[in-house]
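Chains as they are written, first to last, in this note's numbering: chain A, 1 to 290; chain B, 1 to 290; chain C, 1 to 587; chain D, 1 to 587.
Hints were generated in silico from the structure; no laboratory data involved. Fair warning: there could be bad hints in the mix.
[What the hints assert, rightly or not] What the simulated footprint calls covered on chain C by chain B, stretch by stretch (three residues with Cβ under 8 Å from a Cβ of chain B suffice, anywhere in the stretch; the number is not a length):
no. : stretch
1   : 40-51
2   : 224-235
3   : 238-250
Glycine residues also receive a C-beta, built at the ideal position from the N, C-alpha and C atoms.
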Amino acid sequence: MNAPVFQAKDYKSELKPIWCPGCGDFGVLQGLYRALSSIGRPPHEVAFISGIGCSSRIPGYTTAYGFNTVHGRSLPIAQGVKLANPELLVVVAGGDGDGFSIGGGHVPHAVRRNMDLTYLVMDNQVYGLTKGQLSPTSPRGLETVTSPFGSLEEPINPLLYMLAYGAGFVAQATPADMPGMTALIEEAIRYPGFAFVNIQSPCVTFGEDDQQLKAHKAKQKSLASLGHDPSNQLAALDLARAYGTELYTGVFYRNPSPPPTYESLVKLRQTEQAKKARPRNQILDAYLQK
Amino acid sequence: MNAPVFQAKDYKSELKPIWCPGCGDFGVLQGLYRALSSIGRPPHEVAFISGIGCSSRIPGYTTAYGFNTVHGRSLPIAQGVKLANPELLVVVAGGDGDGFSIGGGHVPHAVRRNMDLTYLVMDNQVYGLTKGQLSPTSPRGLETVTSPFGSLEEPINPLLYMLAYGAGFVAQATPADMPGMTALIEEAIRYPGFAFVNIQSPCVTFGEDDQQLKAHKAKQKSLASLGHDPSNQLAALDLARAYGTELYTGVFYRNPSPPPTYESLVKLRQTEQAKKARPRNQILDAYLQK
Amino acid sequence: MLDDLILGMAGAGGDGVVSAGESLLSAASSEGYHALMTKSFGSQIRGGESSCRVRLSTKKVLNPGGALDVMVALNWDDFFKFGAELPLSVDTVLIYEEKAGPPPETLKARGVVPTEVVPVAIAELTKKSAGTDKAKTSVVLGLLSGWFGIPSEAIGRGLKKKFGSKGEGLLEANEKALASGIEYARAHPLRTPHVISKPKGPPGSKMLCDGNDMCAAGALFAGVKFFGGYPITPSTEVMQTLTREIWKYGGTVLQCEDEISGIGATVGASFAGRKSMTATSGPGMDLKTEILGLATIAELPLVILNVQRGGPSTGLPTKPEQGDLYQAAFSGHGDVLRPVLAPTDVEDTFKTTVDAFNIAEQYQTPVIILSDQEIAQRKEAVDLIDTSRMEIIERRAPTEAELAEKPYARFALTESGISPISHPGMRGGTYLAAGIEHNEKGDPTSGGTMHAKMNEKRFRKLEPLKQRTDLFELSGNPKAPLALLAWGSTAGVAREAFQLATAQGHDVKLLVPYLLYPIAEQVYAGFFESVKHGLLVELSHQGQLYRMLRMFIDVPKGLKSFCRSGANPFQPAELVARLVELKGLPS
Amino acid sequence: MLDDLILGMAGAGGDGVVSAGESLLSAASSEGYHALMTKSFGSQIRGGESSCRVRLSTKKVLNPGGALDVMVALNWDDFFKFGAELPLSVDTVLIYEEKAGPPPETLKARGVVPTEVVPVAIAELTKKSAGTDKAKTSVVLGLLSGWFGIPSEAIGRGLKKKFGSKGEGLLEANEKALASGIEYARAHPLRTPHVISKPKGPPGSKMLCDGNDMCAAGALFAGVKFFGGYPITPSTEVMQTLTREIWKYGGTVLQCEDEISGIGATVGASFAGRKSMTATSGPGMDLKTEILGLATIAELPLVILNVQRGGPSTGLPTKPEQGDLYQAAFSGHGDVLRPVLAPTDVEDTFKTTVDAFNIAEQYQTPVIILSDQEIAQRKEAVDLIDTSRMEIIERRAPTEAELAEKPYARFALTESGISPISHPGMRGGTYLAAGIEHNEKGDPTSGGTMHAKMNEKRFRKLEPLKQRTDLFELSGNPKAPLALLAWGSTAGVAREAFQLATAQGHDVKLLVPYLLYPIAEQVYAGFFESVKHGLLVELSHQGQLYRMLRMFIDVPKGLKSFCRSGANPFQPAELVARLVELKGLPS
Ligand SMILES: Cc1ncc(C[n+]2csc(CCOP(=O)(O)OP(=O)(O)O)c2C)c(N)n1
Ligand SMILES: Cc1ncc(C[n+]2csc(CCOP(=O)(O)OP(=O)(O)O)c2C)c(N)n1
Ligand code: SF4
Ligand code: SF4
Ligand SMILES: [Mg+2]
Ligand SMILES: [Mg+2]
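Start from the sequences, fold in the hints, and give me the full structure.
Dropping the structure here:
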C-alpha cells in the first residue's frame, strides 16, 4: 500500500481547539482527520458544514473549506452546497441539540432527499456550549440547570428516528474505540447517499459519569458481535429501540442497494433540459404574445 | 342511553366552510362534531388549535375556543395552552404540510412530552391552500406545479415517524368510512396522553384520482381485520412501513399502560413546591446578603 | 375613439369571467395593445365568486385604473361582493345578464348610478347560438368586441388555441357564441359609443406576463443557478416558473421543508460559488431573518424576493400592502446594512431583479427585492424589454496569482471594503465562513476593536450604492415647488397623478426610488431643494419610507406622508386633489 | 479614606480569580457596601484565562468604572489577554505573583506604567500558611483586606459558607491563608494607602444579584405563570432561575426545542389566560419574529426579554452591544407597534420587568424588554428594592354581565382601542383567535376597510403610553443648553458623566428613557426645547435610537449621535470631553 497523498495532519488547521481538556470531540476530530486521509480528497475539495455548539466548532479545526453557520441549520445549508457543486465532499457535523432539537425539522427532509452527505452527530446528552442544559437526548429524570428537579421528558432516539426517516446508512460509534469509530466515519463518507453516524462523544464538564469514555469502554457492544445483519431494516429498528439503555456500536443499517442520489437525478434532468436552453438575450421571447 | 348533553350541531359555528365542494375535510369536520358530542364537554372547555392550510380552518367552524395560528406552529402553541390550563380539552388539527413539513421539527418533542393532546392530520398528499404544490407525503414522481418533471424525493411516513417518536396512540382513518373515522377520533381524544390520527382526507381540486374517497373505499383495509395487535409496537412499526402502498385503517399502536402525562407531573411538582412560596412582597428577600 | 378602456366583469366561480378576461387580454396584446389585468376571488379555494378588471390602452398602462368604463355583471350578488374593487361612475356602461333582473336598489345606495344600463340575455344567446350554455364567456367576448372595437380575429385565434385541442365541437360552439355576441352588439348599438383606437405597436410585439414572471426571467437572465424556497402566496409562481426553466441553464430548484431551509440552502449554494435566490412573502421573511444576518456577516451574495401582502401575521394574504419596508431594512439583530430594491410594475421587475443580482454579487451582500401582490400577480401586455445594454456582474474572486502571493485573507480590510471571495473547490482559497465575528483571515474573534473594524467595512462597502442615480426615476421640472414621491406598485398611480397634475398646469415633479435602502441622502436632498409642498404616497398604515427618510434627511416641512392600510388602492385623481389642497397651506 | 475602589484580577482558569472576586463581592455586600462585579473569560468553555473587576463603593455604583485602582495579576500572559478590559493608570496599585517575574516590556508599550508595582510571593505564602496551594485566592483576599480595608470578618464568614461543608481541613487551610495575606499586607504597607471608608448601609441590607436575577424576580412578582424558552447566552439564567422558582407559584417552565416553539408555547399560554414570558438573545429574537406578529394581531399579552449581545448573527455572544433596537421596534412584516422597554442597571431590571408585564396585560400586546449582556450578567450589591408601591395590572376580561348582555365581540372597536379579552374555559366568551385579519367578532376578513380600522385600533390603543413620563428619568437643570441622553447599560456611564460635568460647572441635563418605543414625541420635544448641544450615547455602530428619534421628532442640530460598536464600553470622562468639545461648536 502506498503512503496516502494527504496525511491526517494535512487536514489539521492552525486554530487551536478551545474544547475543555478531555472533551470527547478531540477524539472525533482525530478520527475524522484519519478517515479523510484514507479517502484522500484534497482539502480544498472538502466542505465542512456545522451549526453552533462545542461540537460545531469542528470546521475551523480543518484545512478544508468550512462553514460554521447558525444553530440548527447545518443540513439545509449543506444541501445547498452539495447541489451547487456535487463534486465536493460535504461533511456535516454538530451536536445532539443542534441536530435534533432546533434542527430536528430539517433532518427527515435531508434524509429523504438522499444527497451524498455525511452527517456526524456528537451526542453528549447535554448542551455543552451554553453550559449544561438539558439536551433532547438527556435521559428522563436528569438534573441540570434547566431541570433542577429532574427532566420530565423521554429522550429522543436519534438512531430510531434516522431509520424511520429511511436513511441508507445508520451507525453508532464512540471515541472510546478510536479504530472502530474512524472506520465507521470512513465508511459513512464512502457510502453513496445520506449517511449518519451517532457518535457518543462525552462532555467531561457537564456530562454524567456513565457518559464518559471509561463507561463507554465497559458498556459498548459491537453489533457485529451480536450477529446483526445490517441489511435487515426491521432488525435495525428493533435494536435501535435500545438507545439509551444499550451502547451498540457499528452499522445498524446499510442499504444493500443504494438508490440514486438526489444530485445524480438533478444531473440527469439538467442534461435532458439543457437542449431547450435559450441564449441569454432571448429569454424574454418566451413571453411574446403572437 | 341518555341523549347527549351536547349534540353534534352544538359544536357547529355559523361560519360557512370555504372548502371546495366535495373536499374531504367536510367529512372530517362532521366526524369531529359527532366525536365531541359523544364525549360531551361543553364547547367553552374545548380549544382547537391549528396552523395554516385548508385543513387548518377547522377551529373557525366550531363553537369552541379556536386559535388559527401560523403555519406549522400548532403543536408548540397547543402545549402552551394545555400547560396553562390542563383542564381544557385541546385538539390540534392541520395538514400534512403544516404538520410534517414546516412543523416537522416540533412533532417529536410534542410527542415525547406526552401531554394529553389529540393531533389530527388531514393528509391529502398536497398543499391545498396554496394551490397544488408538492407536500411531504406526495409520492415520488408526482407531477405538480412545483414538480413539473416529477418529484425527486421519497415521501415521509407520518405513521412510522410517530411510532418512532414514541407516541402512545397512533391510528389512521379516512372519511370514506365515517363511522370508523368518528370512532377513532373519539378514541384518540379519550386516550390519556398524546394521540395521533392520520386522516386520509382527499383534496378534490389538486389531489390525484387514487387519493379520492372512491379509491379509499376500494383500497382500505382495517387493521383489526388483519388481526393486528395494537399493543405490539414492533408489529406496528412493521405495518406502518406500508404507508403509501397500503391504506390500513384503525389503531396501529395503543400503549396498553399509558405513562403519566406531562401535565400530571407538573401538577405534582407544583403541589410539592407550593409550600416554599414566598408572599409577593418578600420575593426579593431571597437575594438579601446576610 | 378612445385611447384607454377599463372593463370589469364579475360572476360566480363557474361563470368563467376570469377566463374571459384572460382571453381579452391575450387578444388585445397579440394585436399590439398595452393591457393590464387584475383578478379577485372570494375566500374559497374553488367555486366562490370571481371578478377581473382589464385595462386596454394604446399607450403604456400605468396602473389598473379607477372607475370602470364598462362593467359586465353576470349576477348582482357576486358583483356587489367586490364592492370598491369594481367602482362605477355615471359614465360606466353597465351590462348585465337579463335573467338576473334589473339592478337592485343597492346600486343606488352605493351612490353612483350609470346612465347607460344594458340588459343582455347572455345565457339565452349562448344556448341559441352554441347549443350549450358552456360558451357563455364567448358571447361576452363577442359583445365586448362588437361594442368596444376589440379585434375579433385575435379573439378568434385565442379560441382556437384554447379549444383547438379539446375536440371540434367545443371550438365550433365557442366560435358560434362569439359571432352571436358580435352580431347582437352590432344590432343593438350603445347610446354613447366607446370604441378603442387601433394600437400603435405592431401585432406580436408585446410580452404577456406578470411581475412574478419577470422576476423569474430576470433571475435567469442574471444567471441564477440555485433557488431554494417554500410556497407562499403571492410569491409561489416565481419558484414554479424557475422549476420549469432553471434546469435548462444548469441550475437547480429545491422545494424546501420551510423558509428557514429555503434561505439556508440558498446561502449554502452561494457559499459554494453560485448565484442564488429565494422568494417568499411576509411570514416567510420573518423566518428567514436569522440566516439573512448570517449572510451579512459572512458576506455572501444572495437575492431575496418578498412579495408583500397585507400584514401583520397572516393578515390579508391575497391583497397588496407596502408594509414590509421596515422589516426589509431593519429586521435582524445587530448592526446590518442590507440593500432593498423595489420594482414599480411588471416590466421593471425584470431589471430590478437583474440589479439585485448585480448588487449582491458585486458587494457580497444579501439584497431584498420588495415587490407586492399587485405587481406580482397582475398580468400585463408590455413591450419586449431591450436587454442588450444590461450588464451582468460576477463576484470578484481572488486570482491564482493573488492566492500564490500571500496567504488568503477572506475578509481583508480593503479600501473599497470589498474583499475577493473564494469558494469550495478553489485551490488555495480555503477559509472558515461563520456567523461569529472574525478577523481578516476569517478566524473567530471576540475583540471589540476587530468587531468595530468589520462593522465599519460592512457598512462602508455599500456607500457607493447611494450614488446610483440610475436607481431613481425623476420626472418633471427639477425646480418645481410641488413634489410627488411613491415607490412600488403605488408609483404607477403617482405617475398618472403626475401627468394629470402637469396637464392641469401644476408645477410638479415626481421621484420614484427603486433603491429604498440605504437612503441615498444626496439624491433626496437635491430633489427636496426646490420643494415647498409634496406628498410621499404609500399603501401602509405607517408610511414607512417617509419615516425612514426622516432618519437620514431633513425632509421639507411641507412634504407630507399620505398613507393608508393595504387593500385600499390609491387613485390618481385623489393624489392630485391632495396636492392641490397642500399647495394652499403655508410651507 | 476612599468612597470608591475598583479592583481587577486576572489569572489562568485554575487560579480562581473569579471565585476570589465573588468572595470579595459577597463580603463587601454583606457589610453594607454597594458593589459591582463583571467577569470575563477566554473563548474556552473551561480552563482558559479568566478575569474579573470589582467596584466597591459607599454610594450606589453606576457602572463598572474605567481605570483600576488595584490590579492583581497572577501571571502576565493572562493579564495581557484582557487588554482594554483591565486598564491601568499611573495611580493603579499593581500587585503581581512574584514567581511570574517583573512586569514585561509590553506593559510600557501599553502607554501607562503604574508607579506602585508590588510583587508578592502569593504561591509561596499559600504553601507556607495553608500547607497546600489550593488556597491561593484566600491569600489574595487577605492582601486586599489588609491593604484596602475590606472587612476581614465578612470574608471569613464567606469562607465558612463556602468551605464549611467540604470538610474541616479545607476551611482551616483557607482561614490560615487569609490570615497570612492580611498579615503580609500589614507588614508591608503600601506607599500610598488606599483604604475604603465604612459603608453607610447597615450590614445585611443589600441584595446580591445580577440583571437576569432581577428579571426573573420581577416576572414572579408580576405574576408570571408560564415561561417557554430555549437556552442562549447571555439570557439563559432567566429560564434557569424561573425553573427553580415558578412551580412554587403554580406556574410552569417549558424548555422548548427551539425559540419558535418557545414563543409559540408562550403565546398559547397567554391565549389560555395566563401571564406569559419568554427570554432570548439576538439569534433567538430573529426566530421569534413571526409569532410576535401573531401576538400583535391576535392582541395577546406577552413579555419577551432580549438580552443583547454583539451582532449580527452569532457575532460576539459574550459581549454587550445595543444593536437590537431596530429589530425590537421594526422586525416582522406589516404595520406593527410593539412597546420596547430597556432597563439601565441590575436594580431597575426588576421594575422594568414589572412595567413590561403591566403594559402587556393592560394593552394586550407583546412587550419587549431590551437588556444587554453587561447588566444581565454583572453581579451587584444593591439596596433592597421597595416594592410596596408597585402596582400589578391584570388584563381586562369581559364580565359575566357583559357576556350575557350581547354576543361577545373579542375585537370590539372601543374608544380606547382595548377590547375585553376572554380565554378558553370562560363560558360565553368563545371566539376564534387568528393571524388572519378579522372583524370585531374575530371572523376572518379580507376587506380593506376593516383592515384599516383594525390597524388603527391596534396603534391607537398604545397612544397613552407616550404620556408615561414615569418611564423617563430626567436629571439636572430642565433649562440647560447642554444635554446627555443614553439608554440601557450605557445610561450608567452617562449618569456618572452627568455628575462629573455638573461638578465641573457645566449647565447640563440628562435624559434616560426606559420606554424606547413608541417614541414619546412630547417628552423629547419638551426636553429638547432648551438644548443647544448634546450627545446621545449608544453602544452600536449605527446609533439606532438617534435615528429613531429623528423619525418622529425634529432633533436639535446640535444634538449628535455618539456611538460605536459593542464590546467597547464608554467611559464617563470621554463623554464629558466630547460634551465640552461640542459646546464650542455653533449650534
Ligand atoms: C438560534 C440560537 N439559539 C440558541 C443558541 C445558543 N446555543 C448555542 S449552542 C447550543 C446548544 C449546544 O448543544 P449541542 O448542539 O448539543 O452541542 P454541544 O455544545 O453539546 O456540542 C445553544 C442552545 C444559538 N446560538 N442560536
Ligand atoms: C410561514 C408560512 N409559509 C408558507 C405559508 C403558505 N402556506 C399556507 S398553507 C400552506 C400549505 C398547506 O398545505 P397543508 O398543510 O398540507 O394543508 P392543506 O391546505 O393541504 O389542507 C402553505 C405553504 C404560510 N402561510 N406561512
Ligand atoms: S463543555 Fe463539554 S462538550 Fe463543550 S468542550 Fe467542554 S467537555 Fe466538550
Ligand atoms: S383545495 Fe383541496 S384541500 Fe383545499 S378546500 Fe379544496 S379540495 Fe379541500
Ligand atoms: Mg450536546
Ligand atoms: Mg395538505
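These are the hints, each one checked on the structure:
{"no.": "1", "hint": "40-51", "in the structure": "holds (count 7)"}
{"no.": "2", "hint": "224-235", "in the structure": "holds (count 4)"}
{"no.": "3", "hint": "238-250", "in the structure": "holds (count 5)"}
Violation of the numbered hints given earlier is absent; every hint is satisfied by the structure.
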